[in-house]
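> With the hints as your guide, set chain B onto chain A.
Taken in order, these protein sequences are the chains called A and B. Its first residue numbered 1, the first sequence is counted upward by one per residue in the working numbering. Its first residue numbered 246, the second sequence is counted upward by one per residue in the working numbering.
Bear in mind the hints are in silico, worked out from the structure with no lab data behind them. Errors might be hidden in some of the hints.
One side of the interface only, derived from the structure: several residues of chain B facing chain A at Cβ under 8 angstroms [as the list claims (entries may be wrong)]:
no.	residue
1	G299
2	N304
3	Q327
4	E328
5	G330
6	H412
All residues carry an ideal CB built from backbone N, CA and C; glycine is no exception.
2 protein chains.
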Amino acid sequence: MESDQKIIRQSKWMWENCLPHISLDCVVFGFHDNQLKVLLLKMEATQKWLLPGGFVLKNEHLQDAAHRVLFERTGAERIYLQEFGVFGSLNRSEGFFESYPDDLWYKQRFISAGFYALVDYTAVNVTPDEYSDTCQWSNIDDLPELAMDHQLIYDNALAILRQQLSHKPIGLNLLPERFTISELQKLYETILGRSLNRGNFYRRIMRFGILVKQEDPRKGGAHKAPYLYSFDPLKYQESLQGLDW
Amino acid sequence: MESDQKIIRQSKWMWENCLPHISLDCVVFGFHDNQLKVLLLKMEATQKWLLPGGFVLKNEHLQDAAHRVLFERTGAERIYLQEFGVFGSLNRSEGFFESYPDDLWYKQRFISAGFYALVDYTAVNVTPDEYSDTCQWSNIDDLPELAMDHQLIYDNALAILRQQLSHKPIGLNLLPERFTISELQKLYETILGRSLNRGNFYRRIMRFGILVKQEDPRKGGAHKAPYLYSFDPLKYQESLQGLDW
Numbered sequence: 001m002e003s004d005q006k007i008i009r010q011s012k013w014m015w016e017n018c019l020p021h022i023s024l025d026c027v028v029f030g031f032h033d034n035q036l037k038v039l040l041l042k043m044e045a046t047q048k049w050l051l052p053g054g055f056v057l058k059n060e061h062l063q064d065a066a067h068r069v070l071f072e073r074t075g076a077e078r079i080y081l082q083e084f085g086v087f088g089s090l091n092r093s094e095g096f097f098e099s100y101p102d103d104l105w106y107k108q109r110f111i112s113a114g115f116y117a118l119v120d121y122t123a124v125n126v127t128p129d130e131y132s133d134t135c136q137w138s139n140i141d142d143l144p145e146l147a148m149d150h151q152l153i154y155d156n157a158l159a160i161l162r163q164q165l166s167h168k169p170i171g172l173n174l175l176p177e178r179f180t181i182s183e184l185q186k187l188y189e190t191i192l193g194r195s196l197n198r199g200n201f202y203r204r205i206m207r208f209g210i211l212v213k214q215e216d217p218r219k220g221g222a223h224k225a226p227y228l229y230s231f232d233p234l235k236y237q238e239s240l241q242g243l244d245w
Numbered sequence: 246m247e248s249d250q251k252i253i254r255q256s257k258w259m260w261e262n263c264l265p266h267i268s269l270d271c272v273v274f275g276f277h278d279n280q281l282k283v284l285l286l287k288m289e290a291t292q293k294w295l296l297p298g299g300f301v302l303k304n305e306h307l308q309d310a311a312h313r314v315l316f317e318r319t320g321a322e323r324i325y326l327q328e329f330g331v332f333g334s335l336n337r338s339e340g341f342f343e344s345y346p347d348d349l350w351y352k353q354r355f356i357s358a359g360f361y362a363l364v365d366y367t368a369v370n371v372t373p374d375e376y377s378d379t380c381q382w383s384n385i386d387d388l389p390e391l392a393m394d395h396q397l398i399y400d401n402a403l404a405i406l407r408q409q410l411s412h413k414p415i416g417l418n419l420l421p422e423r424f425t426i427s428e429l430q431k432l433y434e435t436i437l438g439r440s441l442n443r444g445n446f447y448r449r450i451m452r453f454g455i456l457v458k459q460e461d462p463r464k465g466g467a468h469k470a471p472y473l474y475s476f477d478p479l480k481y482q483e484s485l486q487g488l489d490w
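So that you can see chain A by itself, here it is in the shape it has in the complex (with noise of 0.2 angstroms):
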């Protein structure tokens, strides 16, 4: 298959150029209007779904490698990227390039790093990879089925990103300018999938000190008019260093 000779050719150069054994994937939620989507990816040669990835340059940060990979994969710059575990069991993903040749590059032992990111699924253009046909936003409700260990790396991420929401702010770049309560409420609970309580929100959400609110209300509607509050972008940079007793 010609997908298969170009899996060859790739393999070459990254024995040249990067790293063995460490791997990089990205989990990269995508929100919009209340909804949360995850990228992904079909490999051409397996036609099976994976989530986006790549491997690190032997002159390249780590950190660098997973902004490249998701830059490569999105167009997007200086987005929040979370490394959230090292995935590191045996056979995780060797099986998988099983009727290729024993020394292409992706049937080494893999420790892949995780990261994820959440970003404005509107706001961004997702290409394929070098491997793929297909690069699309999966609803969450409704994720093939997913190649190697990429479902645990995933599952991992969302309940990693579930538990930070207790003690790390989220938010910018993914709502307006200015929005209300009740907008930033709404980002949580598809986040994580299930509603709040709107008094204890409220409660916890200015603990974190990181809202500023506006002067005037929002205007139109039949109702009363509610506070606009925005990010102090300053205040948020802390507040994502992490929130303590």
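Only chain B this time, still in chain A's reference frame:
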């Protein structure tokens, strides 16, 4: 030097048995009687201080390698060990063995997975590794200079341990089987390095739902006997998976 010869001999064994480019470093916090310490090694060849670490055998899961390293240094088994970050910058360790032959195992670029553990330091036996003449607990307020990027790894581990106090339980294996809320609060205060409000602490710790109140208060002492608590092992394990909104 004899210790140099040992490193060169070990290097050959590493190339045969371990996965290149991958290492792991363990930040082992020791707690006892309201003191927090960290386990350090002093290398024989360079007399520099390092965190205990190791490599991954070709046929070994990454997580098992971390447990093996912890067991080799402390004799402790079944200790809660948390992967907390990957350290993958260029030149984080490569320069450390400058004066050695280029094919030395330790001179390659390593991407290192960081694990932390928290043990009762009076309950374990520390043992130096094959390159070190000293393995000892250092008080966290008075650490020696650490080589490579091990200060960064340590700083990250402490920051993450402190963050995780707010959403994961802590204390099993560190406190007596039955303890007072005040003893548990002291553990938190020692790790955080500052005092906490008693009422706030009580409310937050009760939210975890991991404590079982004992029928009989502690006997003896001049004051009103405080209630004793123990951990509910099942709820403790569940809560380790993370508390959310």
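> With a cut-off of 8 angstroms, does the beta carbon of B:H412 approach a beta carbon of chain A closely enough for the hint to hold?
This hint holds: B:H412 lies near chain A, its Cβ roughly 6 angstroms from the closest one there, short of 8 angstroms.
> May I ask you to test the interface hint for B:G330 with respect to chain A, counting a Cβ-Cβ separation under 8 angstroms as satisfied?
Interface hint status for B:G330: holds (6 angstroms vs cutoff 8 angstroms).
> Taking the least C-beta to C-beta distance, is B:E328 closer than 8 angstroms to chain A?
holds (6 angstroms)
> May I ask you to test the interface hint for B:Q327 with respect to chain A, counting a Cβ-Cβ separation under 8 angstroms as satisfied?
With a minimum Cβ separation of about 10 angstroms from chain A (threshold 8 angstroms), the hint on B:Q327 is violated.
> For the restraint on B:N304, tell me whether the closest CB of chain A is nearer than 8 angstroms.
Holds: closest Cβ of chain A sits about 7 angstroms from B:N304, inside 8 angstroms.
> Quick check on the hint: B:G299 CB to chain A CB, less than 8 angstroms?
Cβ of B:G299 sits 13 angstroms from chain A, so the hint is violated.
Comparing the model with each earlier hint shows violations of hints 1, 3; every other hint is respected.
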